[in-house]
Each structure stands twice: as structure tokens, then as C-alpha cells.
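Based on the hints, put chain B in the right spot on chain A.
Each chain is listed here by its residues.
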Amino acid sequence: MANKADNIYLELFEQLPIPKRLEPENIAMMLSEATKSEPAASSEKITKSKPVATETAAEASQETRNITKTSNRRKTSTAFRSIASIAACAALAFGVAGYMGVFDDKLPSEIKQGGAQFAENYDDLHKTFEEYYVGDEDKKTLDSAIADIEHSYNDNQNETHSAPVKPDPEPEKPETPAPLVTEAPAVTQPDNVPDNITTEPAAPIEENPEVEEIPPVEEIPEEEEINQPLPIPEQKAKTVDGEVQFGTGYMVEQKAGALRIFSTDGGKVEFTDTVAAMPVIGVEKTLVGFYADGLKLTAVYSSAVMPGYPQDPAVGGLLDGLYGAQPSASGYSVEVCVYNVLGGKASLETDFVQDGSLIDMNYQNGSLYLVTAYNDYRNAPIVGVDDLQSYVPGYSVNGSRVYIEPQNIMIPDYLSTTDYTVISGVSVNGGVSVQAVLGYEGRVILQNGAVYLFGYNSTALGDVTTAKVFSLANGQVTYAGYKDLGGVALGGDGISLFGNYIAVTSVAEAPTGYVTTLVIYDGTMNMKARAQFIGVALTNVTRKGDRLYFSGAGESHVIDLTNPEKPYEVLDAGPEVDPADGLVEFDGGYVTLTKDAQGGLILSKLSKGPDGSLMLDYSTTLCDAEGRSKALENNGILFVNGSTVGVPYGFFDGLDYTFRYGLFRAGPTGFEPIGEIEAHETDETFETGKAFLNDGYLYIFSEGRVYCASTQDGLSVTGTANLVQSAYSGHGM
Amino acid sequence: MKDNFQELVKKASKGDSNAFAELYSAIYKELYYYALTNLNSPDDAADAVQDAVLDAFMGIKNLKNEDAFKGWIIKILTAKIKKRQAEYVAQRENLTYVDAGDRYDDDEEKASLDIPYKESKYEEIELLEQLECLSENEKLCFSLNAIYGYRSEEIEKLTGINAATVRTHLARGKAKLRKLLDET
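Read top to bottom, the protein sequences are chains A and B.
This note's numbering applies: residue 496 is where the first sequence begins, and numbers increase by one.
This note's numbering applies: residue 3 is where the second sequence begins, and numbers increase by one.
Rather than coming from a laboratory, the hints here were simulated on the basis of the structure.
In this text, a Cβ means the ideal position worked out from N, Cα and C, and glycines have one as well.
Relax, there's no trap hidden among the hints.
List time: in silico DSSO-like cross-link candidates among lysine-lysine, alpha-carbon distance up to 27 Å:
no.: 1; chain 1: B; residue 1: K13; chain 2: B; residue 2: K31
no.: 2; chain 1: B; residue 1: K85; chain 2: B; residue 2: K176
no.: 3; chain 1: B; residue 1: K123; chain 2: A; residue 2: K515
no.: 4; chain 1: A; residue 1: K515; chain 2: B; residue 2: K72
What the simulated footprint calls covered on chain B by chain A, stretch by stretch (three residues with Cβ under 8 Å from a Cβ of chain A suffice, anywhere in the stretch; the number is not a length):
no.: 5; segment: 17-24
no.: 6; segment: 51-63
no.: 7; segment: 123-132
no.: 8; segment: 148-159
Extracted from the complex, chain A is given alone in its bound form (with noise of 0.2 Å):
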């Protein structure tokens, strides 16, 4: 051992004075009643020792305060807690009523109103354009002002550690380490923690000795810094191809880009129409949703003008007439097409194009909201007040386009850029909602019921993040108020949606050092939880199902949100991959379709062991050699529903293909065939593939036909729409 008496810090403990109940004397009493109570009884059980006879009373009261006072604070913590759970029973009880929106009248809300004013005139938005433009040029936005922090703290950062860090001079050298493990110490489960807090074991650590630097900001010469677009972030489709929604009498298929529709009816079914956007000379439409809900069908298309093509309006205008409503002079636009589907046949009833590029969409009870950005003004210098197109976005409905209503324009008391956040309401009944907030970066979340829009604001308190929070319901959008929230919130997963809930991460220099604090929101922005890491800027986050991770300064942390209002610490993230990953959950484990080293067919159930492999629970044969299947490529085409499992597959028997689809249900010694379709052709075109259950058919798809079966009493073909020409005519099942 080192000489440890030339350690100042042992030196300087020794200045500390002991607890009383921490002498010798007093452990030796202790012990001793311990000794003569339970001598197998776990040490929780013991009383803490009492101050000996010679001690004054003033100290022995003293000794007795302190124990009960961490007494008190555990019990404390733990009805506070459980009031809390209490409550947030109560709050989902409530809205299980029935559709309560997030503004509902009964729900307080945490939402400011003010926060900004809407323009009075376009004059009066103009002026603001100047303004940013020719006056302060010291804008801030969410991400340049984490930046800051974050080069701050990387300034803070290279003064303490140099890399690699250089271990202290002793006797024992340390090896150059490569990337470290540690093991997990024993495992001690504490036994005061409610059930809803977990505590794991400690994980095995990772730890690089080389200290993790943040790059810096990268600087951005001032002459470009005003006339940077925010990047918009890459829109993702809400549907994709073979998704199929049913709606009164009619269902709905998407296949290559466009919609199909086949009209259902008592078993029969029958491929009736096409539903595809508009063409326009020089735009390209792509369809990124569809709704189908009654008898009515949205379609939404995003749409952006090919290079080369005209954007002046007047020869959009001259378009117009010809080809329908044109987009933006930019050319991105998102188009919502609200069908009337009757008889299997659409009608197009409202045809609503919004200026912009789409953020986000979702459909609630008979309305679309939109969520678009807007900057497509850079591409001009403003003229004047009067050159609208340069500087206000705006919107057509069935071919009459209209700028945004000035009193629809919010201008915040902050504005941190000039792009614009639009917000569309489009309902299937044809109203139409829009409002627009100047100021966009890129922080959006759209829920059921309301729209928040998170930016930068200088507040008298520091920076913070600000939301402006917007109610949707009946098709219209309207500003309900705003909310400072504390810090900025981190990049990437620092803004994020879990169920209802918002969580937002955010970091603050506080007086002795950074804070990360992890703050949970519901709908109206009561907080609901709250996690913060002391000392520490934990710049990176990333969301993994439930779960954030949080990374910086060399520290990371792991924290369950499977529960938002009772979020915890993990403290043993477990394997990075589930070997379940992919899997198709069926009947309590999971299901998969394999291939043998003979071909054949084999659909198993599986389910996870204690130690969370994978075990086989049984298995099928479905057939012996030279099987094929759709699903094996992808077991998400197997169609489950509980306990029952169906599967597309097929065999070329020398001649010509059987097709087969076989449902199975989940039987106390394996799968119980339920029923099975066969089909004989000499086209691989009708393989089939997914299914949907409606009503009590299963309507089973394949490139060339579209079979309805009935489920009751086993599985029997009641209709077909055939897609393409069989070989084979007559030949059915």
C-alpha cells in the first residue's frame, strides 16, 4: 500500500468530527442487544444504536432528531409518491371516458396566453421582415444557443483534461487501456423502493480513457449567416405501399404510389377505382397519407416543381386552368384531396394545396392538420409590402389561391428567424383552417388534439425554450398560448413525444456548474415528472423505444419512460440488441416463418426463456421441400390476430404453382389449422401475400387477386377481384 499518511485528504477528515452512535462504545451496545434479540435477523431489523449513559441528553435528543428526520423524508417521499400515482389514475380514468381532447374544460392547463401578437396588417409584417434584416443581427435559435453551451462547456472541458489523460507517477504503471469493462459488483436490491421504482443491477461500464471532445461551433462568416435556410427535416411518409384501411362499404389499398379502391359488400369484393393526385406539368407529387374514415377518403400528396420548370405565378396562373392548382412559386406545396367514396367510385369533393414543405400530419375525427415550413421567400429579396409572393405564404382551395390572412400570422415577442410554421385544418366536410407563426425551427409536435411549435426565447430569466401551443379540433387550428420552459432543449431527441407526453431535455448553466434536466409534460404542459443530472452537461440524447439515452462529458445515463410519469434511472440498460427484435408477437411470444435445409416450411412459435433467449415452443410443417413464402423475407406479412396466425405460401409442384394461404390458431400442443385457400397458377403474380380482417373476412392480397374469405367456421372464399388475367379461367376455390 502507498504510504497513506501523506495524504493531505486523510489528514483533513481527521478534522471531521464522528457521530456518537459510531464509537466504539456504542457499537459494542449495540451488537450486544442485537445479540440478544434475533442473531439471524437482517441488520433493517436492529435499532440504531442509543447514545451511552454518559452522554449529555441535549446530544442523545440530538442523535434521536437526525434518525427520525431520514425516517420522516423516506416516508414522505413515498406517499408524496403515491399521491402523485393516485392522481395520475385518476387523470387517465377521466379521459377514458370518452375523446377528451388535450384542451378539454375539466384538465388544468400550464398554457400562457399571450406570447405574441398576430399582425395587423401586412404592412405590419413587413416591417418585421426589415427589421430582422437591417436591425439585430444577433438571432438565436434553439440550436445555435445549445451550441454556445456546448462549446463552452468543451472550452470548460480542455482546461481540466488533455487527451489522453495521463494517470498520476506511482511505482505501478498503468497499461495503455483499450476500450474497458468492468463487472457488474453483486447485486444489492434495496428494500425501502416502491414497486414502481426498479432498481437493476449495475451494468457493465464501458469506458474509454480518452476524454470525448465536442467539436466546436463551426463559425459562420456573418455576410451569410442572415440568408441561411434552417434545414427542414426529411418528411416521412405516414403510409406506404400495400397498406390497405377499410372504410363504409369500401376498402383501400395503396400500390405504387397511387390509391385502389374495392368495393366490399357481404363477402364480395370487386376492384372498382383509382385514386391518384392530379398530374401538373412540371411538379412532382408524391403520396405521403391517406384516411379513409366512413364514407370519405384524404388523400395527401407532397409535392415539390422539378428543376427547369416556371415558378412565376403568372404562368402558374396560365397553368392553373389547364392542369388545376399550381404550388408555391418555390414549388413545395402539400395537397389534401378529400374524397367521396360511394359504390366503390371517388369523388373529388375538396382539393386543398398549402404552401410549404411537410413537417408532419396527422388525421383526428374527420380533420387533417398539417404541419408545414415555409421560407421559400429566400429565393427573392423583398420588393416592397406589396410583393406578397416574396415574403407571405398561402394556400388554395378547389384552384382559388389566397396569402395567409395577416390576422392569421402570429408574430412571437421573440422572433429567432423569418422562416414560417404553417399549421392547415382541412376537414372532410370541406372547412378549412390555417395559421401561421413566423419563426420556424424545426421543432414540431403534433398530437392528437394540439400542436406545439418549441423555439428559442430570451426571457428576463435566461434562454429558455419556449412552446407555442395550438388546439386542433373540428378542423380548426387555433393559438391557446404559450409556454416558457426551462433551459434550451437539446438537439436531436431533446424534444419528443412519448404517448401524450412531451419530454423535453434541456441544459443550463447553473452556479456550480451545468444541470441536465429531463422535464415531462402532459398536453397542457403541467410538468409531470422531473430528473436532472447535477454537475454535468449531457449534450447528447437519443431516444430507443421507451428509453432516452443521455450521453456527454464522459458520463451517460439511461432513464425509462415506459411510464412517463414515473420515470427511472436504468441502471442496467441491458444487451443493446433484443434478440425478440423483429420478431411478430402472437399469443403471448412470438411467431416466425423458416426455411429447412430441404426447403420446407416451418412456422414456429417461440417464446423468451428467464435469461431472455429465445426458446422454441412448437412448430409446423407447412411443407416439405422447395416451399416459398412472402413472409419469409419479411415475417411482418404473416397477419396475426391474438391467437391466430396466418400464412402465405406456395410450391411449384413441376407443373404449375400452388398458392396457399392457411390460418392457424394457437392450441394447447402446437397450431390447430383453422382453415386454408389454394390456388393453382401458372403466374408467380398471384402469390400471396398479406391479409386484413374486416368485419369477419379476411381479404387476402396478392399482385394478381384479391381474395374474400369468410373466418366463420373455418376459412372459405366468398369473393375475388381479380387484378390481372389468370391462365387458367374458370379456376377458382
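The following block gives chain B in isolation, referenced to the frame of chain A:
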């Protein structure tokens, strides 16, 4: 001395609390300092030491190597410390479960976001206060090294942390403290 030590261990393993207390008396201050460095308050540190002592007394008859008494009781105390630290995480002082009926105006929320003032557990001895800038593992390793003079392999046995990682924690911890020392 060694004979006396082994004699005391034998007596303690037969339930002699005074013998155990005599063994304890040689190391109790260091046990307390170690717990205090790694826990939030003197009360918590004293609780952890008492719990460890009770467990050690109950289990001393299972101690195979009498010479390992000190390391063995430190290992028990380390487990108590980690258990309490896990409770801190679960009950993290700034992890609040807000009743739906609570309200926060700006000032209250700002106040709750401030770092709460804690009474100094180090009697405001500045150099010891600086230990609070270390991470949990850095404090664990540093305190075993500073108080007991343990080296990385010994710390590995006591804490379960890989020896190379221990060296990293020690190096980082000392670098942080050195920097703070230079600043003051």
C-alpha cells in the same frame, strides 16, 4: 499484535460484541470517512457504517481469512454505500412527482430548478468540498485510495470495478482535484 487480532476475531465469531468492537475501533473512523465521501450526509454515512457493522458481526463466523477482516468489512460497507446510492437515484432529490393539482408559477419553477442548498457535510473544509465535483465512481475509487491507500487491484476486489477502470477513475479524479486546487 497479530495474535491479539486473531484472538479477537475468534472471540467475535463466537458472538463477543466487545471483541468485535475492539476490532472495529481500529478502523471505524476510516469507515466513516469512506462512507461520508460517497454519500450525501453524515446521517446516511453513519447509517451505512452501522448497517455494515451489523452485517459483519452477524457474518464474521464465515470469515475464512482472519487477516482479511478489514478488507472484508470495507467490502460490506461498499455494498451498503452502493445500495444507498441506488436509493438516491430512485429518489433523486430533483426527481419530483408532481400532483396534478399542483401549480407552478415562474418564480416557483425557477426556484425548484436551482441547485438546492445543502448543509455542508464536510464542515465547509474547502479541499474536501471539492471532492463533490467527482463522479460517483471517481469518489469511490479516490476515497479508497486516499483514505486506505489501496491500489487499483485491491480496489477492484473491494468494488468489483475492473482495475484498469479504477486507474482511469483515479487519474481523472485527481486531475479534476488538481485543477480545482490550482484555481484556488
